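Visitor: Chain residues, written in single-letter form:
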Amino acid sequence: MTKTLGFFPGGLKLPGHKKRSTQTPIRKTPLAKRLTLPLQQHIGSAAIPIVEVGDKVLKGQQIARADGHVSVCLHAPSSGTIIAIEDHPIPHPSGLTAPCITIETDGEDNWVERHPVKDYRSLSTHEIRQIVRDAGIVGLGGAGFPSFIKLNPGVHHTVETLLLNGAECEPYISCDDMLMRERADGIIDGIEIMQYALRAREVILAIEDNKPQAISAMELALASRPHLQNTRLVVVPTRYPTGGEKQLIQVVTGKEVPSDGLPIDLGIVSHNMGTAYAVGRAIHHGEPLISRIVTVTGKDVPHAGNFETLFGTPISELLTYAETKREPDEAFILGGPMMGFSLSGDNLPVTKTANCILAGVDDVAPAQEPLPCIRCGDCASACPASLLPQQLYWHSRAKDFDQTRDYNLFDCIECGCCDYVCPSKIPLVSYFRFAKTEIMNQERERKKSDLARDRFETRQARLEREQREKEERQRQRKAALAASKAKKEQQEKAAETADADNKETE
Amino acid sequence: MAIFRMSPPFLAGTNRVTIQMLQVIFAMIPAIAAMVYFFGPAVLINISLALTVALLAEAILLKLRKRPVKPFITDGSAAVTAILLAVAIPPLSPWWLTVTGVLFAIVFAKHLYGGLGYNPFNPAMVGYVLLLVSFPLEMTTWLPVESLADKPLDLHSAFQLIFYGQTNAGWVADTVSGATPLDTMKTQIGQSIAPAYIVNQNLFGSLGGLGWEWINIWFAAGGIYLLYRRVISWHVPIAMIATMFVLSGVTYLFAPEITGSPLFHLMSGGTMIGAFFIATDPVSGSTTVKGRLVFGAGVGALTYIIRVWGGYPDGIAFAVLLMNMLAPLIDYYTQPKVYGATK
Amino acid sequence: MLTAVIALTLLALILGLLLGFASIKFKVEGDPIVDQIDKILPQTQCGQCSFAGCRPYAEAIAAGEVDINRCPPGGESTIQALADLLDVEPKPLDEECGVEKPKMLAVIDEQRCIGCTLCIQACPVDAILGAAKHMHTVIADECTGCELCLEPCPVDCIDMVEMTPNPNTWRWPDPSHVQLERGERV
Ligand code: SF4
Ligand code: SF4
Ligand code: SF4
Ligand code: SF4
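Chains as they are written, first to last, in full-length UniProt numbering: chain U, 1 to 506; chain Z, 1 to 343; chain F, 1 to 186.
Think of the hints as simulated: they come from the structure by calculation, not from any bench. Small disclaimer: the values here were computed from a predicted structure and weren't measured. Beta carbons: idealized from backbone N, C-alpha and C, even for Gly. A few of these clues could be false.
Unchecked claim - Each pair of labels, with its calculated beta carbon distance range:
# : chain 1 : residue 1 : chain 2 : residue 2 : range
1 : F       : 117       : U       : 472       : 22 to 28 Å
2 : Z       : 309       : F       : 92        : 53 to 59 Å
3 : U       : 125       : Z       : 333       : 48 to 54 Å
4 : Z       : 341       : F       : 111       : 55 to 61 Å
Unchecked claim - A few chain U residues that face chain F, going by a derived Cβ cut-off under 8 Å, partial list only:
#  : residue
5  : 9
6  : 61
7  : 62
8  : 92
9  : 96
10 : 397
11 : 430
12 : 431
13 : 434
14 : 443
15 : 444
16 : 451
17 : 452
18 : 453
19 : 455
20 : 459
For reference, chain U alone in the conformation it holds in the complex (with noise of 0.2 Å):
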């Protein structure tokens, strides 16, 4: 256990809740009767399907594959038929549809023949690489990026830090704990992986101090592999949002992510836990990602746990099998309470970015009209990026989308700290989604009014020579005709002088 180097400013106490669903050992969510697959549930392009409906497909066999660099392939979670393959409501704020397969399962849960690779050592990076993005692995703490991307340093940095990221800082998440208390050992195991893979000189791993059990048994995994070097645990105060990654960094290093550049610039590569977990498994047991961990938990949900469920289970029949009290239909969260978002509808797949399941929340903010901003100023002290709420609030109210740029509204990493301590109950982080979300919209619609004004200019200098040259081509032709003219009267005219001459001489 190391002292922590660094501090970030602002961030909040919040009551973790987190005993509620760390009470019994992780369980199996019972296999669904269809699993419905969003080809997008990662950051980047979606995958492209390479199966058609009435194929049947096993376990853990590759149904879409990757679509260019910034993508990963999805696979089969249980054996089954593909039923179909068309637009279905995801598991998104917006509450949209999207291209997904659905498998209608068959009970067997027939694994597909895997590769397990005995001694990783043997395989180059790039193999290692290969391996995890056709194995479909994404970051599993919330944001889904494409995870063999963050195992290539790239040829210009060298790697100092792996950081393996167990804050876990949200209240009522308790996945990546449980997941440390029970599979250590499968942790350490893609640990190693991605060091090696990585070539990182030492690899820290960062667990917040209100998780004394995942930490004594990260301690017991790690002590039981001597071999591992340059390998340390970081146990870090609990405070929100440290599991933020640059908040992270920051905390363990003392070292500030540049506002345009990534860990990598420093260094740094930062992975979750259940991340590892997932690599582990896809190297040495050939396992692609099919499964993860989530939290279901909440006031409403009196059997909460960490449940193990198969991508695709319908988010209804999870909370079922949690015994939760509600209605059919009515909304929950998905995600945490802080950065989490809204959902209803039952027919809502469990994804790879699923972590928690929420069903009713102990201080919930009340829906009320918010006073004016005061200017208090408390947000401010809130904001772990140091920016100033209040103003980008302002602005953004007033649509005022250059000056949100100025104060910086895209460092914002939509925490909510400042929202939870504003005393006029502003819904801050809204209005900065909605900055954020218009911004980009105005950004892609100069994009494409730009492709356009080009093209159009394009076509009217097309139009224009084409116009010049049919002109050019008149002219010719007239010149052409008024020289043979030309030509022809002046034969006439030689012809009838020659006739004169003629005539003279005759």
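Model the placement of chains Z and F with the ligands on the given structure of chain U, informed by the hints.
Guide: Positioned in the frame of chain U, the structure of chains Z and F with the ligands alone reads:
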């Protein structure tokens, strides 16, 4: 089963505008009690009058502006404005003085600018300055502290003085009022009397003005309570007090003939109420951390300058209003360094 | 009283000077005005403004010949932006030119298309692909929704469809409009 808002966060802290304002009022109670002790129950009459007028005016204006009345009237900001103004006005002022000041503060300084959160100037101070400029005489004649007066004024005669201008016994306000210590200091320095000699008169106590020193101490105590409850941040009051202390200290060292001691300045007039209760008004002040230091320092410096070289005995109100004008500029130039900023 | 007045005047002076200085020092060197106007126009190139495209309209605005409220695809926000840029009062959209509509996309019914190439000639941004006697198709990313291709089509096989929002382009709603409806039951 719970009610959710549309987007995260779904958790909310317990911080509320109303609670903050109530805390502010609560923190003023000891100092108000001290004022009652020194100036008699007239203070209480003023406060009740100001409160009634302020809340009525607030409700009517909200109605006129078609705003929901309940959330805004219960936010407590009008009450704070009323109390701040009431304690700043001389206790035996005629009722119309208080009413005019409060109405001006609420109607013009607050609602014409858009109500809570939109007023660029501190409403209480706008009201105060209006009165000071329009009725300089009434505004600068204070009751002498009770121990100096021949007879203490009871509630009944205070009431009569405020509303009818005289008591049954035939007193008029003028005969019982006099100049404040700050005022005396100013006039007598003007007559080239040495400050060290001035403070020996019985209008002065061991620290500042007699009575005033206790009022200041209790306002400071209330302020410390607010700091402890995190209703206000330390930046404005500390910057203001420190600046006043340094400025008056330096002047006192080099030109003792023109200024009272630093302690006298901190413990007289409205220094402590200004530092902890007036300059800390978030709406019209600066909102960044560095900006608050600048803002507080500015208020401290201007107050001292007005006290010593300006035309008025006390300068808190002017200083606060002047700095209010500068607040947006200060905010603009004191933005904190954002996480990851490379410059 | 006098001191206060003097102090205020002085302060106002100083502030004015500061602001003036700042505005000179931080002045942005801008593009020529026509380019700036053209940047604001949506580049739909539909001609509803009665000019042959956005650029000519921009030139006419810059020359002060026409009003700024003649672009229906740009709608209110474009008018507002133009008003800000040119420092004039915004006006409502000129109804003569058309009405503001959601963004549309042309789709050619490939079954019915006879490959006459008339639409290709009409499209101002070359967003239609196809050759004579072969069915045509619209490049969705490049179509501006100007509707100029509808008219020439002899078999009416082009339809305008509303662009469907997808999760990647979805926008969070403006909280100041939804405040009252806030508070779903959970
Ligand atoms: S916390 Fe709320 S009221 Fe205070 S400055 Fe921030 S946005 Fe305004
Ligand atoms: S949501 Fe954004 S502005 Fe608010 S505290 Fe978090 S980072 Fe700061
Ligand atoms: S109406 Fe608007 S979009 Fe259409 S051509 Fe004119 S300026 Fe361009
Ligand atoms: S395809 Fe039709 S609607 Fe689209 S840009 Fe071309 S002409 Fe306009």
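Visitor: Would you mind marking each hint as holding or not holding in the structure?
Guide: Against the structure, the hints come out as follows:
no. : hint                        : verdict
1   : 117(F) / 472(U): 22 to 28 Å : holds (24 Å)
2   : 309(Z) / 92(F): 53 to 59 Å  : holds (56 Å)
3   : 125(U) / 333(Z): 48 to 54 Å : holds (49 Å)
4   : 341(Z) / 111(F): 55 to 61 Å : holds (57 Å)
5   : 9                           : violated (26 Å)
6   : 61                          : violated (26 Å)
7   : 62                          : violated (23 Å)
8   : 92                          : holds (5 Å)
9   : 96                          : holds (5 Å)
10  : 397                         : holds (6 Å)
11  : 430                         : holds (4 Å)
12  : 431                         : holds (5 Å)
13  : 434                         : holds (4 Å)
14  : 443                         : violated (11 Å)
15  : 444                         : holds (7 Å)
16  : 451                         : holds (7 Å)
17  : 452                         : holds (4 Å)
18  : 453                         : holds (5 Å)
19  : 455                         : holds (4 Å)
20  : 459                         : holds (5 Å)
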